[in-house]
Amino acid sequence: MEHFWDRLRQQAAQTLDLPGDIVAGLPRMELVGDREFWMENHRGILRYGTEEIHISGGRMAVCVRGSNLDLRSMNATTLCITGRIHAVELG
Amino acid sequence: MGGLMRWLSGWVRIQLEGPYPERWFNLFAAHALPFWDAAQSSGTCARFTFSRSDLPAARRLAEQSGAQLTVVEQGGLPMLLLGFRHRWGMIAGAALLALLVGVLGQFIMVVEVEGNQTIPDAAVVALLQRCGFGVGSYGPGADVRALSNRALMECPELAFLTVDIRGIRAHVVVREADPVPEIQDNTTPADIVAARDGWLVRVDQLEGEPQFAPGDAVVKGETIVSHLLVNYRKDGSGEVVSTRSVRARGEVWAMTEHDLTAALPLSACAPGGEQAVGWGIRFLGHRLNFYGNSSHRDRECGKMGILTAARLPGDTVLPFGTWQQRWYARADQPVTMDPEQGTALVKQILRSRLEDGLGQGRILNTHWQAEQREGAVMVTLHAVCLEQIGVSVDVQP
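Chain order of the listed sequences is A and B. When the count follows our numbering, it moves up by one through the first sequence with no breaks and lands on 91 for the last residue. When the count follows our numbering, it moves up by one through the second sequence with no breaks and lands on 397 for the last residue.
One should not assume that every hint holds.
[As the list claims (entries may be wrong)] Computed list of chain B residues with no C-beta within reach of chain A, every gap over 10 Å:
no., residue
1, 216
2, 317
3, 383
[Said to hold, decoys possible] Among the chain A residues that face chain B by a calculated CB cut under 7 Å, a handful are:
no., residue
4, 45
5, 75
6, 76
Since the hints were derived computationally from the structure, they do not count as laboratory data. All values reported here derive from a predicted model rather than from experimental measurement. For each residue, glycine too, the CB sits at the ideal point set by N, CA and C.
Using the sequences and the hints, build the whole thing.
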């Protein structure tokens, strides 16, 4: 049932041309160069390491690869990862 | 800035052990516990750094999640201060220092004087001290307006005085009054008479009738420039037409002779040697002696006190220093002097005395005569000088 409402909110956001991160609660990611990665509406850390950090984005998982990765700040909705970022993968 | 705030509030680094370390990230984030420098060292172990105030909450969450929490490291200002908690002497010293700075900061330590041109700084400071204000005075209790008024009343040479108190410094700004011009009396008739015997070299009269010419000899008290101006008939009969009294003005330069004699005993009695020394401290105008009751020594001995004040690098005198009291025996001890040294000393004194009396004049020639007589050296100076000998003397009506 929850999955149905998520799909519905996502469709409504697309149809009405509304920002999905606000209406559907989709994760919003921002990469500042290759040194800083910001993510809003995350659902928590799945795996943590200096080479690879996996973050839950609800229906997707985000994998940040790099070197010397560090979770600089984190709260219930937003997190910031710093270090040398090589790749951001959605899975 | 964030690092500074973390250091000020104190930080603590903890290690959590338990399955699935990633869940602690989410747990702390969900409970709004800010952390930094997170590291996962193994599959069951992670380290976090928290603010010191968040440690109880982190400990509670760790217990709820079944993790074992260990404090690895602590730091920041609170830990630095806690390190001094057993050093009571240092804490007491710091508290005493803070107290001294707080209390002594209310008292005047330095008095600076500005704006004076002819009146010395020390005279202004002494004036303020007579008015009850100086080094050691309580700054906030000073009534600057009353002080200024009283000081101006006591010192007519000052036209303006104000005191600006800034912490321990009192900045005194003064303006000197314009000197009252000397009122020259041009109405009372006066002669110029000779102040001493001599041969006239030059007579520069601005007003009056000269009675002598250069080359003449005058004795003390003779009128050189008369106040009486006489008009004669122009036909050469010598008949006086009219007379007029004026105030004679001018300078009379003459060669004069001076004979000065002085004697100096070659043996004398001086106070005895140093008997005792006592020490004390002087602080904010008060003296604390460490040598106890000295009344019996004061009766038996002569004494002398030496104050050595502390100074700042800018030569500013501080209101504290050491006090040294020295007692000397009253019994005199004989002291002898070398005749040549005594002669030189007397010559120096005589020459200085002669030069002081000449004013703008100068010594033209000197002749010295020295002899020893009855245990003393006697020196006679015979000098020829060029000096101004005219003095104004009012004519009595």
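Next item on the list: Enumerate the violated hints, using their earlier numbering and listing them in ascending order.
Entry: Violated hints: none; all satisfied.
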